[in-house]
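K.L.:
Protein chains in written order, with the working numbering: chain S, 1 to 261; chain Y, 1 to 261; chain B, 1 to 261; chain A, 1 to 261.
FYI, nobody ran anything at the bench for these hints, they're computed from the structure. Treat the hints with care, as some may be off.
Below are the BS3-like pairs computed for lysine-lysine, each with C-alpha atoms no more than 25 angstroms apart in a straight line [to be verified]:
id, chain 1, residue 1, chain 2, residue 2
1, A, K10, A, K258
2, Y, K256, Y, K39
3, Y, K256, Y, K10
4, S, K39, B, K39
5, S, K256, B, K39
6, B, K256, S, K39
7, S, K258, B, K39
8, Y, K258, A, K258
9, A, K10, A, K39
10, S, K256, S, K10
11, B, K258, S, K39
12, A, K10, Y, K39
13, A, K258, A, K39
14, B, K10, B, K258
15, S, K256, S, K39
16, A, K39, A, K256
17, B, K39, B, K256
18, B, K256, B, K10
19, A, K256, Y, K39
20, A, K10, A, K256
21, Y, K258, Y, K10
22, Y, K256, A, K39
23, A, K258, Y, K39
Protein chains: 4
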Amino acid sequence: MRLRTSCDLKFEIFEPTPFILMLRPRSGSQQWVEREEYKITPSTPVFEFTDNYGNLCQRLIAQPGMFSISTSSDVVTSNFIDQGFGAPFIEIQNLPDAVLSYLLPSRYCESDCFNEMGAAITEGQLMGYNQVAAITSWLRENIEYLPGSNNEPLSAIQVNNRQFGVCRDLAHLGIALCRSLSIPARIVVGYLYNLEPMDMHAWFEAYIGNRWYTFDATQIDSPGGYVVLGFGRDAADVAIFNQFGPSVFPVEHLVKVKECP
Amino acid sequence: MRLRTSCDLKFEIFEPTPFILMLRPRSGSQQWVEREEYKITPSTPVFEFTDNYGNLCQRLIAQPGMFSISTSSDVVTSNFIDQGFGAPFIEIQNLPDAVLSYLLPSRYCESDCFNEMGAAITEGQLMGYNQVAAITSWLRENIEYLPGSNNEPLSAIQVNNRQFGVCRDLAHLGIALCRSLSIPARIVVGYLYNLEPMDMHAWFEAYIGNRWYTFDATQIDSPGGYVVLGFGRDAADVAIFNQFGPSVFPVEHLVKVKECP
Amino acid sequence: MRLRTSCDLKFEIFEPTPFILMLRPRSGSQQWVEREEYKITPSTPVFEFTDNYGNLCQRLIAQPGMFSISTSSDVVTSNFIDQGFGAPFIEIQNLPDAVLSYLLPSRYCESDCFNEMGAAITEGQLMGYNQVAAITSWLRENIEYLPGSNNEPLSAIQVNNRQFGVCRDLAHLGIALCRSLSIPARIVVGYLYNLEPMDMHAWFEAYIGNRWYTFDATQIDSPGGYVVLGFGRDAADVAIFNQFGPSVFPVEHLVKVKECP
Amino acid sequence: MRLRTSCDLKFEIFEPTPFILMLRPRSGSQQWVEREEYKITPSTPVFEFTDNYGNLCQRLIAQPGMFSISTSSDVVTSNFIDQGFGAPFIEIQNLPDAVLSYLLPSRYCESDCFNEMGAAITEGQLMGYNQVAAITSWLRENIEYLPGSNNEPLSAIQVNNRQFGVCRDLAHLGIALCRSLSIPARIVVGYLYNLEPMDMHAWFEAYIGNRWYTFDATQIDSPGGYVVLGFGRDAADVAIFNQFGPSVFPVEHLVKVKECP
Chain S
1 MRLRTSCDLK
11 FEIFEPTPFI
21 LMLRPRSGSQ
31 QWVEREEYKI
41 TPSTPVFEFT
51 DNYGNLCQRL
61 IAQPGMFSIS
71 TSSDVVTSNF
81 IDQGFGAPFI
91 EIQNLPDAVL
101 SYLLPSRYCE
111 SDCFNEMGAA
121 ITEGQLMGYN
131 QVAAITSWLR
141 ENIEYLPGSN
151 NEPLSAIQVN
161 NRQFGVCRDL
171 AHLGIALCRS
181 LSIPARIVVG
191 YLYNLEPMDM
201 HAWFEAYIGN
211 RWYTFDATQI
221 DSPGGYVVLG
231 FGRDAADVAI
241 FNQFGPSVFP
251 VEHLVKVKEC
261 P
Chain Y
1 MRLRTSCDLK
11 FEIFEPTPFI
21 LMLRPRSGSQ
31 QWVEREEYKI
41 TPSTPVFEFT
51 DNYGNLCQRL
61 IAQPGMFSIS
71 TSSDVVTSNF
81 IDQGFGAPFI
91 EIQNLPDAVL
101 SYLLPSRYCE
111 SDCFNEMGAA
121 ITEGQLMGYN
131 QVAAITSWLR
141 ENIEYLPGSN
151 NEPLSAIQVN
161 NRQFGVCRDL
171 AHLGIALCRS
181 LSIPARIVVG
191 YLYNLEPMDM
201 HAWFEAYIGN
211 RWYTFDATQI
221 DSPGGYVVLG
231 FGRDAADVAI
241 FNQFGPSVFP
251 VEHLVKVKEC
261 P
Chain B
1 MRLRTSCDLK
11 FEIFEPTPFI
21 LMLRPRSGSQ
31 QWVEREEYKI
41 TPSTPVFEFT
51 DNYGNLCQRL
61 IAQPGMFSIS
71 TSSDVVTSNF
81 IDQGFGAPFI
91 EIQNLPDAVL
101 SYLLPSRYCE
111 SDCFNEMGAA
121 ITEGQLMGYN
131 QVAAITSWLR
141 ENIEYLPGSN
151 NEPLSAIQVN
161 NRQFGVCRDL
171 AHLGIALCRS
181 LSIPARIVVG
191 YLYNLEPMDM
201 HAWFEAYIGN
211 RWYTFDATQI
221 DSPGGYVVLG
231 FGRDAADVAI
241 FNQFGPSVFP
251 VEHLVKVKEC
261 P
Chain A
1 MRLRTSCDLK
11 FEIFEPTPFI
21 LMLRPRSGSQ
31 QWVEREEYKI
41 TPSTPVFEFT
51 DNYGNLCQRL
61 IAQPGMFSIS
71 TSSDVVTSNF
81 IDQGFGAPFI
91 EIQNLPDAVL
101 SYLLPSRYCE
111 SDCFNEMGAA
121 ITEGQLMGYN
131 QVAAITSWLR
141 ENIEYLPGSN
151 NEPLSAIQVN
161 NRQFGVCRDL
171 AHLGIALCRS
181 LSIPARIVVG
191 YLYNLEPMDM
201 HAWFEAYIGN
211 RWYTFDATQI
221 DSPGGYVVLG
231 FGRDAADVAI
241 FNQFGPSVFP
251 VEHLVKVKEC
261 P
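Could you build the full structure based on these sequences and the hints that come with them?
P.N.:
Written out as C-alpha cells, the structure is:
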C-alpha cells in the first residue's frame with residue numbers, strides 16, 4: 001500500500017517561540033519513505049537531530065506572526081499488520097540492550113501500579129503475543145475510544161479511572177499493562193489510513209518473539225496502512241510538536257491520508 | 001577529596017531472577033575512579049552495557065540461594081560543589097541536543113503540572129542558577145526530609161501533597177519545578193560523604209550557564225563529597241537494582257563512605 | 001539558494017547483490033531538506049539505519065535484472081560558504097568528544113605520514129583556519145584536479161605522488177595534511193551547483209574555532225551551493241553505494257543540480 | 001580463569017601534552033572486571049568518554065616533568081577461547097547495523113586490495129569460521145611473528161610484503177583478508193596470559209554465525225586468558241595511548257599478567 005499523508009499546522013505566534021517538531025517519517029524495517037516534503041513559512045533556520053529513540057526531530061524558533069508547517073509524504077507500508085499469535089515472551093536476559101528501557105515506568109505509563117491488573121487480564125494466556133492480544137481486547141471492551149475527548153495526555157491510571165480516552169490514552173494503558181508483565185512496550189505516533197475522524201494517530205508496539213508487533217485498541221480489526229512518525233516511552237517523548245514558553249495552539253490543523261494516485 | 005565507598009547487598013533468591021544493576025561509578029568530568037571492585041557471589045555470568053543516559057549497567061540472572069553483591073571504589077571528587085549564582089538560563093534553542101530530553105516530564109516528575117508553582121517560587125529571581133537555588137531553598141523549608149519514610153518512589157505531585165519524603169522524592173519535586181521553567185534537570189544517584197544516616201543517596205542537577213550544577217535539598221549547606229553512580233530523568237531510570245519477577249528485597253544492605261586512608 | 005538535485009543510477013544485476021546506499025540528504029545545521037524523493041525499481045524491501053557518523057544509510061538486496069535508483073531533493077543551502085580567516089586552532093583538550101575520531105589516520109588519509117609536509121606548507125600561518133586555507137591553496141597550485149581520471153579512491157600518499165586526482169583524492173590529501181597538524185578533518189560527499197562536469201562531488205571540512213568549515217580545493221573561488229549527502233573519515237566511509245559480491249557498475253549514472261523553479 | 005593484569009607507563013614530559021588513553025578494561029559478554037585500579041601521578045584532571053566502538057577513553061593533559069600511569073585489574077575470563085568450526089558466514093543483509101563498519105577498508109587494513117589473495121587462501125573452505133581459521137593458519141605459516149620488530153603499525157599490504165611483523169601487524173593482515181571475503185573483522189588490544197615476551201597484545205575477531213570469534217595468529221594453539229582493553233577497525237582506533245604534539249615515548253613501560261592469588 002502506498003499512502004500519501006499530509007499534515008498542515010498553522011500557528012499565530014506572539015513572541016519568539018522555540019519549537020521541537022517530530023514530523024519527518026523515517027524509513028525503517030516497517031516502511032519506506034518514497035517522497036517527502038517539509039515546508040516552513042516564513043522560511044526559518046531549522047536544525048535537525050536524532051533523539052534517544054532514533055526519531056528525527058526539528059528545532060527552530062518561530063517568529064511573531066503567522067507561522068505554518070506543511071508536510072507531506074508518500075510511504076510504502078503494509079496492507080495488513082503482522083499478527084503473531086503464539087509468539088513467545090522473551091526473558092529479560094535475552095532482550096537486546098536497546099529494548100530494556102521500554103520495560104521501565106514512564107510519565108504516562110505507571111506500569112509499577114498495574115501488576116495485579118496485568119496478571120488478571122491475561123490469566124490463562126500463553127506468555128507473549130497472546131497476553132498482549134488479551135490486553136488489547138480488554139481495552140476495546142472496557143475503555144471507550146472517544147476521539148477529541150481531551151487535549152492533555154491521560155496517564156494509564158487516569159484512563160483506567162475514567163474508562164475513556166483518545167487513541168494516545170488507550171495506548172498508555174496498554175503499554176503500562178504490558179510492562180507490568182515484563183513485556184517491553186512503546187508508543188507510536190503517526191498516521192492511519194481510513195482513520196475516523198482523520199487526525200494524527202497513536203498506537204503501541206510490544207516486543208515479543210524477538211521483534212516489535214503493532215497493537216491498536218482503537219480499531220476493531222487490524223488492517224494495515226500505518227505510517228510511523230516516531231517512537232517513545234509514552235506521549236511525553238513523541239509530541240509531534242513541543243513548544244516552549246507561553247502556550248500556542250494551532251489555529252489550523254489538517255491531516256490527510258490517501259492512497260497514492 | 002579521595003573517598004572510599006562500599007555497597008554490599010545480599011538477597012535470598014527463590015527462583016531464577018533477572019537483575020539489572022547500576023553499581024559501577026564511571027569517571028567523567030566530575031570524578032575520577034581510581035580503584036573499583038565489583039564482586040558477585042556465587043560467581044554468575046554478567047553482561048555490561050551502556051544505557052541511554054551513559055550509565056554502565058550490569059545484567060545477570062541470580063540463581064536460587066543466597067546471592068550477594070559487593071562493590072567498593074576509591075573516587076577522587078571535589079571538596080565543595082560548585083555554586084554558580086548568576087549563571088544564566090540557556091534558551092531552548094541553544095541547549096545541546098543531548099540535554100533536551102531532560103526538559104520533558106517523566107514518570108516521577110510531572111513537570112507539566114507545576115507551571116504556576118514553579119513561577120511562584122522563583123518570582124523575582126534572575127533566570128537561571130538563582131531560580132534553581134530558590135527552588136532548593138523552598139524545598140528545604142517546605143518539604144521535610146525523612147530518610148526511610150517510604151520504599152517506593154514518590155512522584156513530584158505526591159511529595160508536594162505529603163510534604164515529606166526521602167532524598168529521591170525531594171529531588172523529584174526539585175526536578176519537576178526546574179523543568180516547568182524550561183530548565184533541564186536530572187536525578188543523580190550515588191554516595192555522599194557524611195550523609196546521616198549513611199545510605200545510597202539521590203540529588204539533582206540542573207543545566208544552567210552551559211553546564212550541569214549540583215543541587216541537594218536534603219543538606220543545609222552544600223559541602224562536596226558526592227560520588228555519582230548514575231544519571232537519569234528520575235528514579236525510574238536509575239534504580240541501583242531493577243529486579244524482574246516476584247519481588248525480592250535485600251536481606252542485608254550496607255553502605256559506607258569514608259575518606260581513603 | 002534552493003537547489004533541486006537528482007541522482008539516477010541504473011545497474012544490471014546478475015545475482016542477488018547486497019547494497020548499502022547513502023543517497024538521502026539529511027537536514028542539519030547547514031541545509032534544510034524541503035522535498036525529497038527516493039525510488040527503487042523494481043520495488044525492493046529496504047532497511048534504513050544511521051551509521052557512526054550520523055548518515056542515513058539504506059540496505060537492500062538487488063535482484064537479478066535491471067535495477068534502478070532514482071533520487072531527487074529540494075534543499076535550502078547557503079549561497080556562499082562561510083570563511084573564517086583568523087578562526088583559531090582548538091586545542092585537543094577542548095575538542096568535543098565526537099570530533100576526536102577525525103584526528104586519527106584512516107584508510108585513504110595516512111595523516112601519520114605527513115607531519116613534515118603539513119608543517120612546511122603552513123609555515124608562518126596563524127594556527128587554525130589560515131593553516132587550512134594555506135593547505136587548500138597549496139592543493140590548488142600543486143595537485144591537478146582531473147575529473148574522471150580514476151575510479152578507485154587514491155590515498156593521500158598516492159595523490160601526493162601522482163600530483164593529480166579527482167575531487168575525492170584532493171580531499172584525501174587535504175584531510176591528511178590537516179590531521180597532521182592536529183586539526184580534525186572529514187570528507188563530505190554530495191552535490192555542488194554549477195560543478196563542471198556535473199557529477200557527485202566530494203570536498204572536506206576542518207574543525208576550527210568550535211565549528212566545521214568547508215574547504216574545496218577543486219574550485220578556484222568559494223561559492224556556495226553545496227548539498228551534503230554524508231560525512232566520514234574518508235571515501236571508505238561515504239561511498240554513495242557500497243556493493244558486495246562480484247562487482248557491478250552503473251550502466252547509467254546521471255546527476256543534475258539546478259536551482260529550484 | 002581470574003587474571004591480574006598491570007600496565008605501568010612512565011613518560012618524561014617537556015611541554016603540556018594532551019593524551020587520550022585506552023587503559024580501562026570494560027566488562028562485556030567476554031569478561032567481567034572484578035577489580036580495577038587506575039592511578040595517574042601527579043594527580044591530573046581526567047575526562048572519560050566512550051568512543052564510536054564502545055571503548056572507555058581517558059583524556060588529560062600531562063604537565064612537564066615525570067608523568068606516570070599505573071593501571072591494574074582482576075578480570076574473570078575464559079580458560080579457552082571458543083572455536084566454531086562450521087559456524088556459517090552471515091550474509092551482508094543479515095548482519096546487525098553496528099557490525100557493518102567492520103566490513104570497510106581502514107587505515108591499516110586495505111581490504112579492497114586483497115580480494116584475490118583472500119579467495120586463494122580460503123579456496124575450498126566452508127564459508128564462515130573455516131575460512132577465517134584457514135586465514136589464521138596461513139598467517140602462522142607465512143608471516144613471521146617477530147615481537148619488537150617495529151614501533152609503527154604496518155598495514156596489511158606492508159606486512160604481506162615484509163613477511164614479518166608484531167602481533168598488531170599480523171592482525172592487520174588477518175583482518176584485511178577477512179573483510180575481502182565480506183566477513184566483518186576488528187582488531188582487539190589487551191593482555192594475554194603467558195604471552196612471550198610479556199607486553200600489551202593485539203589479535204583479531206571475526207563476526208561469524210551471529211557472534212564474534214577470537215583469532216590469534218601469533219599463538220600456536222588457542223588457549224584462553226585474553227583480557228580486552230578495546231576494539232576498533234585497526235591499530236589507528238585502539239592506541240593504548242594517543243599523544244598529540246612533539247612525540248614522547250615511555251621511558252618505562254611494564255606489563256604483567258598473572259593468575260589472581
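K.L.:
Hints first: check each against the structure and report whether it holds.
P.N.:
Taking the hints in turn, this is what the structure says about them:
1. Only pairs whose Cα atoms come within 25 angstroms are accepted, and K10/A paired with K258/A is accepted, the gap being roughly 21 angstroms.
2. A distance of roughly 16 angstroms separates the Cα atoms of K256/Y and K39/Y; the hinted pair therefore holds under the 25 angstroms criterion.
3. Restraint check: the Cα-Cα separation between K256/Y and K10/Y comes to about 15 angstroms, which is no more than 25 angstroms; the hinted pair holds.
4. Among the hinted pairs, K39/S with K39/B is consistent with the structure: their alpha-carbon atoms are about 21 angstroms apart, no more than 25 angstroms.
5. Distance restraint check for K256/S and K39/B: the Cα-Cα separation of roughly 22 angstroms lies within the 25 angstroms cut-off, and the hinted pair is therefore satisfied.
6. A threshold of 25 angstroms between alpha carbons decides the hint, and for K256/B with K39/S the separation of about 22 angstroms falls inside it, so the pair holds.
7. For the hint linking K258/S to K39/B, the alpha-carbon distance of about 19 angstroms falls within 25 angstroms, and the restraint holds.
8. With a CA separation close to 31 angstroms, the supplied pair K258/Y and K258/A exceeds the 25 angstroms bound.
9. Using a Cα cut-off of 25 angstroms, the hinted pair K10/A and K39/A holds, with the two alpha carbons roughly 12 angstroms apart.
10. A threshold of 25 angstroms between alpha carbons decides the hint, and for K256/S with K10/S the separation of about 15 angstroms falls inside it, so the pair holds.
11. For the hint pairing K258/B with K39/S, the CA-to-CA distance comes to about 19 angstroms; that is within 25 angstroms, so the pair holds.
12. Taking the CA atoms of K10/A and K39/Y, the gap is about 30 angstroms. The hint is violated against a cut of 25 angstroms.
13. Restraint check for K258/A and K39/A: the C-alpha separation of about 20 angstroms stays at or below 25 angstroms, so the hint holds.
14. Pair hint K10/B plus K258/B holds up; C-alpha atoms about 21 angstroms apart against a cutoff of 25 angstroms.
15. A distance of roughly 16 angstroms separates the Cα atoms of K256/S and K39/S; the hinted pair therefore holds under the 25 angstroms criterion.
16. Proximity of K39/A to K256/A is assessed by CA-CA distance (about 16 angstroms); at most 25 angstroms being required, the pair is judged to hold.
17. A hinted pair counts as satisfied when its Cα atoms are at most 25 angstroms apart, and K39/B with K256/B qualifies at roughly 16 angstroms.
18. For the proposed pair K256/B and K10/B, the alpha carbon gap of about 15 angstroms is at most 25 angstroms, so the pair holds.
19. Restraint check for K256/A and K39/Y: the C-alpha separation of about 22 angstroms stays at or below 25 angstroms, so the hint holds.
20. Restraint check: the Cα-Cα separation between K10/A and K256/A comes to about 15 angstroms, which is no more than 25 angstroms; the hinted pair holds.
21. Annotation: proposed proximity of K258/Y to K10/Y holds, straight-line Cα distance about 21 angstroms (limit 25 angstroms).
22. Using a Cα cut-off of 25 angstroms, the hinted pair K256/Y and K39/A holds, with the two alpha carbons roughly 22 angstroms apart.
23. With a C-alpha separation of about 19 angstroms, the suggested pair K258/A and K39/Y falls inside the 25 angstroms cut-off, and the hint holds.
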